[in-house]
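Participant: Take a look at the letters that make up each chain.
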Amino acid sequence: MVLWCPDWPVTASGADPHTPVAVLAGNQVLACSESARAQGVRRGLRRREAQGRCPELTVVEHDPARDARAFEPIVAAVEAMAPGVEVLRPGVCAWQARGPASFHGSEAAAAEAIIEQVAAGTGAEALVGIADGVFAAQLAARSGRIIPPGRSAEFLEPADVGLIDRPVLVDLLRRLGLRTLGAFARLPAGDVLTRFGTDAALAHAQAGGQDERRLAIRVPPEDLTVSETFDEPLARVDIAAFAAKALAARLHETLSARGLAATRLGVAARMSGGEELYRVWRHDGLLTADAIADRARWQLDGWLSRRGPSTQEDETGGVTHLSLVPDGLLAQAALQPGLWGEAGEGRDRAHRAASRVQGLLGPEAVLTPVPGGGRDLAERVRWVPWGDERVPLASADQPWPGAIPGPYPAAVLPEPVPAQVLDAAGRPVTVSGRHELSAPPARVAGVPVAAWAGPWPVDARWWTVTEASRRVRFQVVLADGRALLLVLSGGGWRVEARYE
Amino acid sequence: MGTALPADRNNPVAPGDRRAALAEVLRSGALAGKVRTATGGTGGPAGWPVPGLPGLLPRGLQHGQVVTVTGSAEVLLRLAGGVSGAGGWCALVGQPALARAGRAAAAAGVALERWLLVPEPGTRWADAAAALVGAVDLVVIAPAGPVPAALAGRLAARARQHGTVLAVYGALWPGPDVVVEAGGCRWSGIRHGRGQLRSRRLDVTAAIRGGRPRHITLGADTSDPAAEARGGLRLVTS
Chain A
0 MVLWCPDWPV TASGADPHTP VAVLAGNQVL ACSESARAQG VRRGLRRREA
50 QGRCPELTVV EHDPARDARA FEPIVAAVEA MAPGVEVLRP GVCAWQARGP
100 ASFHGSEAAA AEAIIEQVAA GTGAEALVGI ADGVFAAQLA ARSGRIIPPG
150 RSAEFLEPAD VGLIDRPVLV DLLRRLGLRT LGAFARLPAG DVLTRFGTDA
200 ALAHAQAGGQ DERRLAIRVP PEDLTVSETF DEPLARVDIA AFAAKALAAR
250 LHETLSARGL AATRLGVAAR MSGGEELYRV WRHDGLLTAD AIADRARWQL
300 DGWLSRRGPS TQEDETGGVT HLSLVPDGLL AQAALQPGLW GEAGEGRDRA
350 HRAASRVQGL LGPEAVLTPV PGGGRDLAER VRWVPWGDER VPLASADQPW
400 PGAIPGPYPA AVLPEPVPAQ VLDAAGRPVT VSGRHELSAP PARVAGVPVA
450 AWAGPWPVDA RWWTVTEASR RVRFQVVLAD GRALLLVLSG GGWRVEARYE
Chain B
0 MGTALPADRN NPVAPGDRRA ALAEVLRSGA LAGKVRTATG GTGGPAGWPV
50 PGLPGLLPRG LQHGQVVTVT GSAEVLLRLA GGVSGAGGWC ALVGQPALAR
100 AGRAAAAAGV ALERWLLVPE PGTRWADAAA ALVGAVDLVV IAPAGPVPAA
150 LAGRLAARAR QHGTVLAVYG ALWPGPDVVV EAGGCRWSGI RHGRGQLRSR
200 RLDVTAAIRG GRPRHITLGA DTSDPAAEAR GGLRLVTS
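So the sequence lines, in the order shown, correspond to chains A and B.
Position 93 of the first sequence, counting from 1, maps to 92 under numbering that gives the first Met the number 0, and the rest follow consecutively.
Position 176 of the second sequence, counting from 1, maps to 175 under numbering that gives the first Met the number 0, and the rest follow consecutively.
No lab work stands behind these hints: they were computed from the structure.
These numbers were taken from a predicted model, which means no experiment stands behind them.
Fair warning: there could be bad hints in the mix.
Claimed, not checked - Where chain B lies over chain A, by a calculated footprint (3+ residues, C-beta under 8 Å):
{"hint": "1", "region": "365 to 372"}
{"hint": "2", "region": "409 to 423"}
{"hint": "3", "region": "474 to 488"}
What the hints assert, rightly or not - DEER-style ranges, computed between Cβ atoms:
{"hint": "4", "chain 1": "A", "residue 1": "R433", "chain 2": "B", "residue 2": "R190", "range": "20 to 26 Å"}
{"hint": "5", "chain 1": "A", "residue 1": "A441", "chain 2": "B", "residue 2": "S187", "range": "19 to 25 Å"}
{"hint": "6", "chain 1": "A", "residue 1": "D237", "chain 2": "B", "residue 2": "A149", "range": "18 to 24 Å"}
{"hint": "7", "chain 1": "B", "residue 1": "R190", "chain 2": "A", "residue 2": "G361", "range": "44 to 50 Å"}
{"hint": "8", "chain 1": "B", "residue 1": "G86", "chain 2": "A", "residue 2": "G120", "range": "51 to 57 Å"}
Ideal Cβ positions, reconstructed from N, Cα and C, are used throughout, including at glycine.
Just chain A, same shape as in the assembly:
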């Protein structure tokens, strides 16, 4: 029994399915809504072509994670009526028909009941198909048909050979003149295996309606969370850490008894003041008992010492309830350390230390710079918290006219500091709308100016009212050898950076 939600990527994207919508993956249409299809948009079209056929088309980027997330409630709804649901891909799930069919009296009644349940629970439109194998049932679901037992081969016979999702094999079969699943299925199985290999033999069996692949059953996740309630609130870090260590050992035991390993760890604590705290820790490799204990301890250390040593006893109190929530579970055998990214001893050590400091000061306290584009010094290198993806906001490769050239200042002030810039007569220096200087600057904050250059105007985003900023920049070398980058905007001079 297979449940199929038509145009799932479109539904998951949250766009109104009654308007023309297309989901694009890599500039090609992956899925489109019914009304877009009516106007000639097809799967595989390029963005421009699709927009040409349907000018009012809404275009959404494909996000597999979003599809999977949105599909979860539907799986849960099905699970409420049928045990052992397997997700084939977001939008399609399968389960054994026998149980629900005997419960509802017939397969048709069971299908009807599940469609209703899904519609009532999630509001999603779905079709159900029943056939002997998962492959045939998927095809049956597209038309909402129920194929009687033993008739699947007959049902598959006229279908296009392209439905077996193997482009290379399909291309070959087409060139051999085999255009339907039936024609492919009539080839002797032994010849298919020797000529095309195991995968093709599997496809051959599917085309003959005989895939007896056992469903890999999705077991509803067990509650693996370990928790502990403390009668006496734990206010001291070392005592809390000791409790966390015991919990970590228990969690690790629970996980390894099931052959699982966690890649993420949630630490949740309830404080005696009633505050609920929760933070998730990510890890590249698998979390060992010690790693779990370390993270729990760092987190507790961060939470408890954040409040300040003097006030911790009376005001917020300590931890009354602590739980460790494993997440991102993997079968242990499938896990290989350093699966992605640069692995190495140096990186591991740095990562551990950075995580430790994040536990002390919060995840935003440890940063790593990412070069990007922009006219401001601050824009040209962006900070991202350690552990997040290093993606620049704007490309550094494009020309950024008006950006300051090298050599670059080694101290970029977080908040530009106001400074007084006076001319030789002691009057404040101003710049007119035509970038004319009232008089050469002679003193900056009381220090004589040895050399200066400017004004260099930066008119960024003049087309928007809110983001527009008109500024002029100056470079100034003072008599004591210091060099400054000054900026004048809104009539006020500020020191933006120092060349140290």
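Let chain A serve as the given structure and place chain B on it in line with the hints.
Facilitator: Same frame as chain A, but now just chain B:
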């Protein structure tokens, strides 16, 4: 009792010959790279090269050293650039202004993907620094005030034990291994209302404990060649 004992029951070589053989082995260099000090870190014997400050530290930055830098953040970044350029990891605790100078760091040779920043550690800077010392290859700290001797000793011991270079910027530190001072900065390329900051000369002195101070003048043109070609800045609106 009065007679000499046989030279060695197990080894027929006389004591004097043995000493000579040992001296021979030590001289031959067969042990080079195989022996390291008991407290030595993970690195090799040569230390980190510092190509950004040519001739200043002839043996490079040694693992586990404490270096104080005053007078120029760029010199500090060049030290970090040497470690980073050789594949090491660097971290900066405090100094939000220096942390923001990512462009200057990249120009000094620091690989930004191996540059960890803790710009605002607040009162827990020592904890943050202690966590990073021993995990990365160079840690820059910039304490706001004088550092208590006990804390300084603890951090330095930890750095020595793990082979991490501890670079102290702009603060006094009891008993550093290397003192780097920069000064006498002279800018060129800028005049009254014309040109732009193009390059500078900087006098840098390094005093290694137990050695004579070395002095270099940094005068390399650090400006952006593309900007040179364009002839400086232009009036642009976009």
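Participant: A range of 19 to 25 Å was offered for this pair. Does it hold for the Cβ distance of A441 (chain A) and S187 (chain B)?
Facilitator: 21 Å, holds
Participant: That 20 to 26 Å hint for R433 (chain A) and R190 (chain B) (C-beta), does it hold up?
Facilitator: 22 Å, holds
Participant: Mind checking, does the region 409 to 423 of chain A have 3 or more residues with a CB under 8 Å from chain B?
Facilitator: Held - the region 409 to 423 of chain A has 5 residues with a Cβ nearer than 8 Å to chain B, which meets the minimum of three.
Participant: Return holds or violated for the Cβ distance of D237 (chain A) and A149 (chain B) against the range 18 to 24 Å.
Facilitator: 21 Å, holds
Participant: Evaluate the given range 44 to 50 Å for the C-beta pair formed by R190 (chain B) and G361 (chain A).
Facilitator: Since R190 (chain B) and G361 (chain A) have Cβ atoms about 47 Å apart, the given range 44 to 50 Å holds.
Participant: Test coverage of the region 474 to 488 of chain A by chain B using CB-CB distances below 8 Å; three residues minimum.
Facilitator: holds (count 5)
Participant: Given a hinted range of 51 to 57 Å, is it respected by the beta-carbon distance of G86 (chain B) and G120 (chain A)?
Facilitator: 55 Å, holds
Participant: Between the region 365 to 372 of chain A and chain B, are there enough contacts, at least three residues with CB-CB distance under 8 Å, for the coverage claim to hold?
Facilitator: Since 6 is at least three, the answer is holds.
The earlier numbered hints are all upheld by this structure, with none contradicted.
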